[in-house]
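Chain by chain, the residues run as shown.
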Amino acid sequence: MTEDPRPGAVYAIDHYAIPTNDLLRWMGFMEQALGGDWYYTHGLTTPEAIRGGRPRTFYWVGMHEIGGFLQHRELPAPAPLGALPRFGFWIREEEIDAHRRRLEALGVPVSDPVRTSEDGEEGTAIYFMDPDGNQYELWAPKELPPSAMEGGNKVGLGRISHAVLAARDLDRTAEFYADVCGIEPIRNADVAHDTLPLRLAGGGRIVFKQVDELSPRAGGTEIWNGQHLALTVRAEEWEYVHDRMWESLPEVVVTSYAAVAGKGVPSGDGPRTQQHGKVMRGEHPEKMSRGTSFYDWDQNNYHFTCGVFAPGDPYRYTVKSMAGME
Amino acid sequence: MAIDDPRPGAVHFIDHYAVPTADLMRWQQFMQNALGGVYYYTHGLVSREEARGARPRTFYWVGAQEIGGFLQRRALPAPGPLGRSYPRFGYWTRQAELDAHRRRFDALGVAASDPVRTSEDGEPGTAVYFTDPDGNQYELWAPDELPEAAMEGGNALGLGRISHAVLESTDLDRTTDFYGRFCAVEPIQSADIPKDTVAFRLAGGGRLVFKQVEAIGARTGGHETWEGQHAALTVRPDEWELVHRRIWDGLPSDRFMQHPKVARGEMEAKLELGGYFYDWDGNSYHFNRWHGQMRQDGPDARTYGRNPFGVNPH
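The listed protein sequences derive, respectively, from chains A and B.
Residue numbers for the first sequence follow our numbering, so the first one is 1 and each next one is one higher.
Residue numbers for the second sequence follow our numbering, so the first one is 1001 and each next one is one higher.
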């Protein structure tokens, strides 16, 4: 964790959503491989479809909502295990082999355990993917942060430990996340030269890998409908983080959700803000003065989640609102 | 009730039907709670199916009948009045259980009529009319005399098999000629049947009933009007070739088409020509020769009874 986080720092990855070409198959993966509990499915009504809403399901994986959005377009062929974007869950080191056996029994492609410290902290990873080629990781660090294993996941996964994303310019990326997310690089001799791990105030990480070009799977909801991450900030800093973002990033106004979502064509080259999809589709009133969805230099797409933390506890929170929506 | 000596190629039963919905998960709850349906499968939530034009759709087993709901691209019209709107699909019910069904509907918030005693649709009995949340019309039909096997199927809420369908016709003479020729069914003759009604007796004891209308309503029509909407009519397996040859030889080519799964490339064409056909008023059908049988070796058997969707919390 960060002892003295900067004002408006991101504390945790609250949730993420990924693309799928087969929503029911993905739901089966979530239940069996990640121990998810069905939360809701939206996009199966005519009014939603007319507004551009797509079929999508969210699961609770422990305390995290994880979403899968059915795509219009075919996803690219799966990349090798360990490719990007990749999302990690904390696990206990002594349970690594059991998880590998469990995933293998389900027919999930899974790597051997990999001992590494190149992404900012020391531990053991196993990489795996879902049937759509979305990449995941079970991360057993040498030292688990407090509350890492909370959430009651029924197959023994902890909370979201980290995300590994692509960046074409690590310096530019470091500056962006310091300015917009209040987080700083982890610095140690083991961090690979092509890697930028950023420490979240609640103990997790966002890790960037230097790439020459973005892969076809990179990008937010404009590239793959619904794909995004949600980053938890403190409730008392909610307005501050948005004002900070709006002061530094331009807003891109799009004609409609359906016109941009999942088309594979970004609405801009650089960092920008945009209305959240639910607001664009008219499903939620616009309560904020500008768009709450934002993009970094490499089309990675986020919104903030408003977390209410107990005094002195940087790990545990309850969600007050997401992207300005109750 | 059943016809002792049906004509060659006669329709024996309404095997199944599919209706349009504007909210697939709400319709699933209706099927489970109001009709005692058992989840069978959901298709159309795959990108490549969607690219071929397929829509999200769920099928339930209601007793021995496979009933489908297809998510629509456009809004459905406002619901018509209970018992006077079409298409309407009926299930056999025991007369002694009608009140219990009505109380059950009331508890579920399902719009249902009082029991209506009638013989105007070809046989005497008591009907309770009701609708689903999309305004699709249904009927519980308790005839004075239940046909043999009417209550089979093991429906958890005590519904029997599909008793009948009530559809629209803009010309009852033309409709009588059509169903006589292509479904080998004959009108029931009874002094109780009003002149705006023609009721055909199916060989297995059910009915297809048509009501004369000036113009067909916004809900009438097959797959081309409301995606997926159709009824399937059971014929004898040994008359499978006969019934299809009869429609191909007798109907203009624009009145029959390939099954949508064949048209989308999801299923190999097993018939020489299209097996979906339309009557003069847009009512759409295909024949079926596996009445009330779930194919245990089929790819969808593994999801029988296992609805992956629940009730959305918001």
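Think of the hints as simulated: they come from the structure by calculation, not from any bench.
Any given hint could turn out to be false.
[Said to hold, decoys possible] Cut-off 25 Å, straight-line C-alpha distance, at most; resulting in silico cross-link-like pairs (DMTMM-like, lysine to aspartate or glutamate): (1) A:Lys278 / B:Glu1050; (2) A:Lys320 / A:Asp37; (3) A:Lys263 / B:Glu1049.
[Said to hold, decoys possible] Rough simulated footprint, nothing fancy, chain A against chain B, three-plus residues with beta-carbon under 8 Å: (4) 1072 to 1083; (5) 1173 to 1187; (6) 1308 to 1314.
It should be emphasised that the depicted structure is a prediction, and the values quoted were computed from it without experimental measurement.
C-beta atoms are modelled at their ideal positions from N, C-alpha and C, and glycine is treated no differently.
Here's how the hints hold up against the structure:
{"no.": "1", "hint": "A:Lys278 / B:Glu1050", "verdict": "holds (22 Å)"}
{"no.": "2", "hint": "A:Lys320 / A:Asp37", "verdict": "holds (21 Å)"}
{"no.": "3", "hint": "A:Lys263 / B:Glu1049", "verdict": "holds (18 Å)"}
{"no.": "4", "hint": "1072 to 1083", "verdict": "holds (count 5)"}
{"no.": "5", "hint": "1173 to 1187", "verdict": "violated (count 0)"}
{"no.": "6", "hint": "1308 to 1314", "verdict": "holds (count 6)"}
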